[in-house]
Amino acid sequence: MIEFLSQPWAWYVSGSLIALVMFLLLWAGGFFGVSTTLRTLCSIGGAGKAASFFNYDWKSQNWNLVFVLGAVIGGFIASKFLAANEALQISQATVSDLLALNIAFDGGLAPTELFNWESLLSLKGFLVLVVGGFLVGFGARWAGGCTSGHAISGLSNLQLPSLIAVIGFFIGGLTMTHLLFPLIF
Amino acid sequence: MKFLKYLFIGILFGIIMTKSEAISWYRIQEMFRFQSFHMYGIIGTALAFGLLIIQLIKRTQLKNTDGNVIEIADKQFSIARYLLGGIVFGLGWALSGACPGPMYTLVGNGFTVIIVVIASALLGTFAYGLLRDKLPG
Chain A
0 MIEFLSQPWA WYVSGSLIAL VMFLLLWAGG FFGVSTTLRT LCSIGGAGKA ASFFNYDWKS
60 QNWNLVFVLG AVIGGFIASK FLAANEALQI SQATVSDLLA LNIAFDGGLA PTELFNWESL
120 LSLKGFLVLV VGGFLVGFGA RWAGGCTSGH AISGLSNLQL PSLIAVIGFF IGGLTMTHLL
180 FPLIF
Chain B
0 MKFLKYLFIG ILFGIIMTKS EAISWYRIQE MFRFQSFHMY GIIGTALAFG LLIIQLIKRT
60 QLKNTDGNVI EIADKQFSIA RYLLGGIVFG LGWALSGACP GPMYTLVGNG FTVIIVVIAS
120 ALLGTFAYGL LRDKLPG
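So the sequences go chain by chain: A and B.
Under numbering that gives the first Met the number 0, read the first sequence as residues 0 to 184, first letter to last.
Under numbering that gives the first Met the number 0, read the second sequence as residues 0 to 136, first letter to last.
By construction, these hints were calculated from the structure, which means they are not laboratory data.
There could be a bad hint or two in this list.
Stated by the list, open to error - Now the in silico label distances, taken between C-beta atoms and shown as ranges:
#1 B:VAL68 / A:GLY47: 23 to 33 Å
#2 B:GLN54 / A:TYR55: 25 to 35 Å
#3 B:PHE33 / A:ALA103: 17 to 27 Å
Said to hold, decoys possible - A partial selection of chain B residues facing chain A, derived with a Cβ cut-off under 8 Å:
#4 ILE15
#5 MET16
#6 LYS18
#7 GLU20
#8 ILE22
#9 PHE31
#10 GLY43
#11 PHE88
#12 SER95
#13 LEU105
#14 PHE110
#15 ALA120
#16 LEU122
#17 LYS133
#18 LEU134
Unchecked claim - Computed list of lysine-lysine pairs in DSSO-like fashion (alpha-carbon distance at most 30 Å, straight line):
#19 B:LYS62 / B:LYS1
#20 B:LYS1 / A:LYS79
#21 B:LYS133 / B:LYS74
#22 A:LYS48 / B:LYS74
#23 A:LYS58 / B:LYS4
#24 B:LYS74 / B:LYS62
#25 A:LYS58 / B:LYS1
#26 B:LYS62 / B:LYS133
#27 B:LYS62 / A:LYS58
#28 B:LYS133 / B:LYS57
#29 A:LYS58 / A:LYS48
#30 A:LYS79 / B:LYS4
#31 B:LYS133 / A:LYS48
#32 B:LYS4 / B:LYS74
#33 B:LYS62 / B:LYS4
#34 B:LYS74 / A:LYS58
#35 B:LYS1 / B:LYS74
#36 B:LYS133 / A:LYS58
#37 A:LYS48 / B:LYS57
#38 B:LYS74 / B:LYS57
On a predicted model such as this, the values are computed, not experimentally measured, just so you know.
Idealized CB from N, CA, C, for every residue including glycine.
Bound conformation, chain A alone:
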């Protein structure tokens, strides 16, 4: 069983299970929208004193913090007990494109040359970890949701705003990848 689960999962297995997670959250009385936890955490940290946006009934959102705590634990379980002992099967074209930008494919989930503590002191590492994170947090709240809230929950509910947001996600992502990456890396 463990061996079976430890193989890399096919996209249709993963996709179906993500829909199941959305259903379970709705059934439990919540919803599938991860970025709202960032707003909740700001409120808990006292951000309401600086901006009214953070003065709301954040205690009603505590369940979502428990959900993301579970995501941390799930990530730990999967990496410790369900890891496939093989390199990620990334497209060769992506490997070459990244190599041209001096980013080596090391077989892991993310390039360890960028995703480590020392890298924070380099310009590239700072951009990826700090600026990247900042843009995700700022953009998610401005757009009123992230991949889970818009691309999965919103589109599943046929929301036009979510379609506009997802188009925005791709305009931003394509701009970063194709226009800005050659300048940064």
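Got chain A sorted already, so can you dock chain B onto it with the hints?
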């Protein structure tokens, strides 16, 4: 006890995110370079089943575990907010290779420096809260 169910769903989510490789910086690059079907397959399948699930929930007036009919609020319409906010989000998604769900999951995977990414995302959320009234909504 009330929170235990969310903890279990979260653990399931973290395992799925890891095994799907959707938390991989490389997979996000592959997606934005249109060099693999993997991420599109994941999102497409989730969406196909998601559409079915939402329709069934609405048509059967399904009740949640608290006994209340599940209600899914419509989003307020605007173009500027979703498009501009979405673009900012997309820039960050491609750069850091992680949206919020994967961020939390990556910490569990041992990428402790992602805590800095989450802290930066909190700062970004806070900055939005400060500037909210000045931004096109």
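Against the structure, the hints come out as follows:
1. B:VAL68 / A:GLY47: 23 to 33 Å: Holds: the Cβ-Cβ distance is about 31 Å, inside 23 to 33 Å.
2. B:GLN54 / A:TYR55: 25 to 35 Å: Holds: the Cβ-Cβ distance is about 30 Å, inside 25 to 35 Å.
3. B:PHE33 / A:ALA103: 17 to 27 Å: The hinted range 17 to 27 Å holds for PHE33 of chain B and ALA103 of chain A, with Cβ atoms some 22 Å apart.
4. ILE15: Since the shortest Cβ distance to chain A is 5 Å, the answer is holds.
5. MET16: holds, 7 Å
6. LYS18: holds, 4 Å
7. GLU20: Nearest chain A Cβ about 6 Å off; hint holds.
8. ILE22: holds, 6 Å
9. PHE31: holds, 4 Å
10. GLY43: This hint holds: GLY43 of chain B lies near chain A, its Cβ roughly 7 Å from the closest one there, short of 8 Å.
11. PHE88: holds, 3 Å
12. SER95: holds, 3 Å
13. LEU105: Holds, because the Cβ-Cβ distance from LEU105 of chain B to chain A comes to roughly 6 Å (cut-off 8 Å).
14. PHE110: holds, 5 Å
15. ALA120: holds, 3 Å
16. LEU122: holds, 6 Å
17. LYS133: Not OK, violated: LYS133 of chain B not within 8 Å of chain A, min 12 Å.
18. LEU134: At 6 Å from the nearest chain A Cβ, LEU134 of chain B passes the 8 Å test, so the hint holds.
19. B:LYS62 / B:LYS1: Holds, at roughly 16 Å.
20. B:LYS1 / A:LYS79: Holds, at roughly 28 Å.
21. B:LYS133 / B:LYS74: Given that 30 Å is the threshold and the Cα spacing comes to 21 Å, the pair holds.
22. A:LYS48 / B:LYS74: holds, 27 Å
23. A:LYS58 / B:LYS4: Judged against 30 Å, a Cα distance of about 17 Å means the pair holds.
24. B:LYS74 / B:LYS62: holds, 21 Å
25. A:LYS58 / B:LYS1: Holds, at about 14 Å.
26. B:LYS62 / B:LYS133: violated, 40 Å
27. B:LYS62 / A:LYS58: holds, 23 Å
28. B:LYS133 / B:LYS57: violated, 37 Å
29. A:LYS58 / A:LYS48: Within the cut-off at roughly 16 Å; holds.
30. A:LYS79 / B:LYS4: This hinted pair holds, its Cα atoms lying about 23 Å apart.
31. B:LYS133 / A:LYS48: Satisfied, since the Cα-Cα distance of roughly 18 Å is no more than 30 Å.
32. B:LYS4 / B:LYS74: With a Cα-Cα distance of about 27 Å, the restraint between LYS4 of chain B and LYS74 of chain B holds, given a limit of 30 Å.
33. B:LYS62 / B:LYS4: Between LYS62 of chain B and LYS4 of chain B the Cα gap is close to 16 Å, so the pair holds against 30 Å.
34. B:LYS74 / A:LYS58: Satisfied, since the Cα-Cα distance of roughly 22 Å is no more than 30 Å.
35. B:LYS1 / B:LYS74: Distance of about 27 Å is within 30 Å: holds.
36. B:LYS133 / A:LYS58: Holds, at roughly 27 Å.
37. A:LYS48 / B:LYS57: Answer violated: LYS48 of chain A to LYS57 of chain B is near 39 Å, above 30 Å.
38. B:LYS74 / B:LYS57: With Cα atoms ~16 Å apart, LYS74 of chain B and LYS57 of chain B stay inside 30 Å; holds.
Hints 17, 26, 28 and 37 from the earlier list are contradicted by this structure; the remaining hints agree with it.
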